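Novice: Sequence:
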Amino acid sequence: MKVAEELAGLIRESSGVGDRLRQRLVWTRAASRVLIVAVLALTLAAIIWGLATAFGDETLTGVQWLPLMESTVNDLIFAAVAIFFLYTIPERLLRSRALKLLHRLRSLAHIIDMHQLTKDPERLRTGFKETSASVQFTLDADQLIHYLEYCSELLSLVGKTAALCAEDSQDNVVLDTVSTVEGLTVDLSRKIWQKIQVVGELREDQSSSAV
1 MKVAEELAGL IRESSGVGDR LRQRLVWTRA ASRVLIVAVL ALTLAAIIWG LATAFGDETL
61 TGVQWLPLME STVNDLIFAA VAIFFLYTIP ERLLRSRALK LLHRLRSLAH IIDMHQLTKD
121 PERLRTGFKE TSASVQFTLD ADQLIHYLEY CSELLSLVGK TAALCAEDSQ DNVVLDTVST
181 VEGLTVDLSR KIWQKIQVVG ELREDQSSSA V
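Residue numbers for the sequence shown follow the numbering used here, beginning at 1 and rising by one.
Hints were generated in silico from the structure; no laboratory data involved.
Once the Cα atoms are required to be at most 27 Å apart in a straight line, the calculated BS3-like pairs of lysine-lysine come out as:
1) 119 - 195
2) 2 - 119
3) 119 - 191
4) 2 - 195
5) 160 - 100
6) 160 - 2
7) 119 - 160
8) 191 - 160
Have a look at the derived ranges for each label pair, beta carbon to beta carbon:
9) 110 - 30: 32 to 42 Å
10) 13 - 173: 18 to 28 Å
11) 122 - 172: 40 to 50 Å
12) 30 - 175: 17 to 27 Å
13) 150 - 34: 47 to 57 Å
14) 38 - 186: 42 to 52 Å
15) 153 - 13: 15 to 25 Å
16) 142 - 194: 13 to 23 Å
17) 13 - 72: 46 to 56 Å
Given the structure is predicted, the values throughout are model-derived calculations rather than measurements. Where is the CB? At the ideal position from N, CA and C, for every residue including glycine.
Take these sequences, add in the hints, and give me the full structure.
Specialist: In structure tokens:
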């Protein structure tokens, strides 16, 4: 029950955060583009001013142009670094938030898997003998099937919520992490359905034996 409530909270959080984050990204992208234009304008103005000053000075010789050329190259490099930093701010903001949610979803998937590890169908088999280390088991076949189906459905919701985290992202790191979480939930769900199949076979064997 606590796991389901936590998953519901994550789904609501991812939905709410997605709306707020989209609004924030619009403003962040707009601000970063304005700053990029400002950096370009200042860089071009500095280069043009430097060249105009140099051409206006008739005393400059060939060797004396080297400091100006070096300064121009440095300005272009710094401008390129600044533009790259400003351009990637929205993507880095989205990546940071998405990876935090994906990490929590991945942890939740492992918790769901841990909850059903002790639900061994073999304990329903006639003649099964418990040991002192055996965990208490009170479910019958129908209850166990329902429990395992709920676990599988929770894992499916975890995978779908992970996909929502990449709804507005083209970041390779985010997309790879989403694929990892989805693959994890599929693998864990496959193991659960194998247990469900075993329970069904045991129930059929017991029914035929009773007849």
